[in-house]
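2 protein chains.
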Amino acid sequence: VRIGIIGGTGGIGEGMALRMAPFHTVVIGSRETEKAQVCCKECEEILMQRGLSCSVIGKTNQETVDFAELVILAIPFKFLVSTLQELKGLEGKIVVSPVNPIEKTGTFFSYVPPPEGSAGLLAKKLLPADARLCVAFNNVAANRWRDLDDPLEYSVAVCGDDEAAKETVRQLIASVPHLKPLDAGPLAVAPLVESLTPLLLNIGRFSRMKDVGVRYL
Amino acid sequence: VRIGIIGGTGGIGEGMALRMAPFHTVVIGSRETEKAQVCCKECEEILMQRGLSCSVIGKTNQETVDFAELVILAIPFKFLVSTLQELKGLEGKIVVSPVNPIEKTGTFFSYVPPPEGSAGLLAKKLLPADARLCVAFNNVAANRWRDLDDPLEYSVAVCGDDEAAKETVRQLIASVPHLKPLDAGPLAVAPLVESLTPLLLNIGRFSRMKDVGVRYL
Chain A
1 VRIGIIGGTG GIGEGMALRM APFHTVVIGS RETEKAQVCC KECEEILMQR
51 GLSCSVIGKT NQETVDFAEL VILAIPFKFL VSTLQELKGL EGKIVVSPVN
101 PIEKTGTFFS YVPPPEGSAG LLAKKLLPAD ARLCVAFNNV AANRWRDLDD
151 PLEYSVAVCG DDEAAKETVR QLIASVPHLK PLDAGPLAVA PLVESLTPLL
201 LNIGRFSRMK DVGVRYL
Chain B
1 VRIGIIGGTG GIGEGMALRM APFHTVVIGS RETEKAQVCC KECEEILMQR
51 GLSCSVIGKT NQETVDFAEL VILAIPFKFL VSTLQELKGL EGKIVVSPVN
101 PIEKTGTFFS YVPPPEGSAG LLAKKLLPAD ARLCVAFNNV AANRWRDLDD
151 PLEYSVAVCG DDEAAKETVR QLIASVPHLK PLDAGPLAVA PLVESLTPLL
201 LNIGRFSRMK DVGVRYL
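Residue numbers (the numbering used here), protein chains in the order written: chain A, 1 to 217; chain B, 1 to 217.
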């Protein structure tokens, strides 16, 4: 599948591109084409140094949607509404939300979902009715994606209501070496997937660990 | 420390007793002394078959509180209020809540916390002001505790506001072979610790895994 990463010039978007580009055609989207193209060049250089050939193309966010069959919303929660209101043509496409509504209150991180109950359910409301939404990749830290020396031996929980879309997302996850996809159920469980991220951030902070990830066993 | 397990005849309570009794003095509490004593005998036999000597004593829940320095509330969420209203003498003691407010709605499990925000915060409200509450052990399945062939290679997130109590609980966790304690922050993060449990149940259900546990890395 052709992968499009909206907000692909951010840390997590670039990290995902690095991990997926050796195996898939990846388009990195940004508000500005030039920024996306600089990011692509960086990705290609990093991968070439490791002897990995790849295909990464830089485009605007809208061109990224137009090109891709599977669109990853690698954007902060605060940009979710405006981004989905701007983008056209998501009808029938697989859309993946790794978005986590998190706030830092005092010394710790909290899960602060919108009234819809989760970022996933908010995205559902804003997307075309036939967009095939999955929530996934919420719990893998940006730095881990980017650090190609990290074996990335994590589990990735996926939830959603479209079984075929979920299977495609699971295959995408399984195509990244060591990442293990797991089905967590319908889209209604998105709050549970998203709220694991502030727990990981808190464990990192209070147990002095960096970029904590998770494995289910 | 002297460990008291309230509701110790339930699956998770008995499992905890089995894992802790080789290293600590453990009292199993129940509404009826006889039930607790039958459970203790079972524990001792299981451990003796493995060549492990142990000390497990069966008492009522109230006697268990009176005896123990650290009290584990191994009870279902629905009994949390009535149990804490009945028990006396928890002043100054370390109290550990592994309680998860979970409901099954249709095919999946949801986190359904009380108005206080979490079982931990509800317990805080009901306990004496100087009880030293920690939330821990929420995410290890009862069957895993009980199956002594399971290496129990899991992480256990601990949260609470009393640093010394939290350290004692971490030491208790670390005394069980392979279990790894991690500090997740203040008691305010209890919703994040508790809501991981329905996620694990959903992953178990939808990914066909049994008694899913978690490791942070």
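Keep in mind that the hints are not guaranteed to be accurate.
Stated by the list, open to error - Here are the computed distance ranges between Cβ atoms for each label pair:
| hint | chain 1 | residue 1 | chain 2 | residue 2 | range |
| --- | --- | --- | --- | --- | --- |
| 1 | A | LEU52 | B | MET48 | 55 to 61 Å |
| 2 | B | GLU69 | A | LYS104 | 49 to 55 Å |
| 3 | B | SER82 | A | PRO115 | 43 to 49 Å |
| 4 | A | LYS125 | B | PRO76 | 33 to 39 Å |
Hints are computed from structural coordinates only; laboratory data are not their basis. Predicted model, so just to flag it, every value in this text is computed and none were measured. Quick reminder that beta carbons are idealized off the backbone N, C-alpha and C, glycines included.
Handout entry: Status of the given 43 to 49 Å range, CB of PRO115/A versus CB of SER82/B
Key = With a Cβ separation near 33 Å, SER82/B and PRO115/A fall outside 43 to 49 Å, so the hint is violated.
Problem - Range agreement (Cβ of LYS104/A with Cβ of GLU69/B, hint 49 to 55 Å) - result: violated, 35 Å
Exercise for the section: Check the following: the C-beta atoms of LEU52/A and MET48/B are separated by a distance inside 55 to 61 Å. Expected result: Roughly 57 Å apart at Cβ, these two residues keep to the hinted range, so it holds.
Exercise for the section: Starting from the range 33 to 39 Å, see whether the pair LYS125/A and PRO76/B falls in it by beta-carbon distance. Expected result: At roughly 35 Å between Cβ atoms, PRO76/B and LYS125/A fall inside 33 to 39 Å, so the hint holds.
The structure fails to meet hints 2 and 3 from the earlier list, while all remaining hints are met.
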